[in-house]
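Chains as they are written, first to last, in our numbering: chain A, 1 to 267; chain B, 1 to 72.
FYI, nobody ran anything at the bench for these hints, they're computed from the structure. One or more hints might be untrue.
Claimed, not checked - Which bits of chain B does chain A cover? Going by a derived footprint, with three or more residues having C-beta under 8 Å, they are: (1) 15-22; (2) 25-37.
What the hints assert, rightly or not - Facing chain B, a subset of chain A residues (Cβ under 10 Å, in silico): (3) Phe6; (4) Met35; (5) Arg92; (6) Leu170; (7) Gln173; (8) Leu187; (9) Leu197.
Claimed, not checked - Beyond 10 Å from chain B on every Cβ pair, some chain A residues (computed): (10) Asn3; (11) Arg31; (12) Ile32; (13) Ala33; (14) Lys37; (15) Thr46; (16) Arg91; (17) Phe113; (18) Arg121; (19) Leu127; (20) Arg212; (21) Ala231; (22) Asp250.
Please read all numbers here as calculations on a predicted model, not as lab measurements. We put the CB at the ideal spot given by N, CA and C, even for glycine.
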Amino acid sequence: MGNIYFQLTEAFNARQITVALASGQAVVYYRIAIMSKDGDWIVRETPEACEHVLAELEKRGATYRPSPPLDVRWLSGGWSSHFEFVDERVRRVRCDFMSRPPRVDLATVERLFANADPGSRLLAIDLESLILMKRSQRAKDYAVIGELASRLPPEREIDLTTDPDRVLELAPQHGQASSRPAVRAALSGAGRRTVVLALAEETDELQEDDRRRLARYEAAAREYLAACRRAAIARMPLREAHGRLRELADRLLPAELPPGGIDHANA
Amino acid sequence: MRMLSEDDLNLEDMSAEELDAAWDLWFDVAQTTNAADPPYNHGVFADVLPAAPWSQAEANSEPTRQSVVDSR
């Protein structure tokens, strides 16, 4: 009994820190809310880390879902790899891996692993990076961001919160240097409604940014995913699928997208 | 302004064991919607893959457990 995604994190990190819990399960880790049936991890961008994760997944009878291979060549281009298995209680467990979480810079990811406590196998992404990852197209993520931000010191919370009341409360003491429109509105005395509208506009811009980011990946992945579908990847044993996906990706999936702002994708 | 409900936010007072139990129960219940779940909730593949064919394919080919990790 317990959170299988926490248990998997400990298994992936048993010999050395290899992954960090991210996205929905990191929200559970921080005790914000119980959400997400899937597990997302940031994996170290090394062949050894990929191999170790594949070995652990293979032990559990996992199969690939149509997605790029778990290989540093594609991970470093912002792609993510997706797997699935059925646990001993016949529950579907879905596992997704990326090494370049969207909107989080590489130095932050490197610091996450460099500063990880080697004595603790349950590692999760830091709060601020989790907030950046959550700036997705999904409306529900912005409520979660508000709660995550409330765990930060006030001078950081004001830059990241999606809660208009917190913006109004924090602005006089911590917002003087902020260029964030909602904070500027709070400081101008324009009233709560103006702050609410500024936050809504900001959310819409973030959602549009994410939509544009993913559109570039969608276009680049179309031919590759059609080939995955024809190859019935999900029915193959893991290692066979891995080899086949690398073959297909070699031919059909650009590791790096053409210039245009990859911006730390997680596709 | 509370952005999530009290039910969502009462996790902080739980012990680790209580949180584990609550999550485990939630995950059990959440399995009931597996067949109706989209193949991907977010990311590139959510839009590239049409939902219906993949959902149907998945419903027709529930993965079987090939091995269970030694939990000792």
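Hint by hint, here is what the structure shows:
no. : hint   : in the structure
1   : 15-22  : holds (count 4)
2   : 25-37  : holds (count 7)
3   : Phe6   : holds (8 Å)
4   : Met35  : holds (8 Å)
5   : Arg92  : holds (5 Å)
6   : Leu170 : violated (13 Å)
7   : Gln173 : violated (19 Å)
8   : Leu187 : violated (19 Å)
9   : Leu197 : violated (15 Å)
10  : Asn3   : violated (5 Å)
11  : Arg31  : violated (4 Å)
12  : Ile32  : violated (7 Å)
13  : Ala33  : violated (4 Å)
14  : Lys37  : violated (5 Å)
15  : Thr46  : holds (23 Å)
16  : Arg91  : violated (5 Å)
17  : Phe113 : holds (23 Å)
18  : Arg121 : holds (14 Å)
19  : Leu127 : holds (14 Å)
20  : Arg212 : holds (13 Å)
21  : Ala231 : holds (13 Å)
22  : Asp250 : holds (19 Å)
Of the numbered hints listed earlier, those contradicted by the structure are 6, 7, 8, 9, 10, 11, 12, 13, 14, 16.
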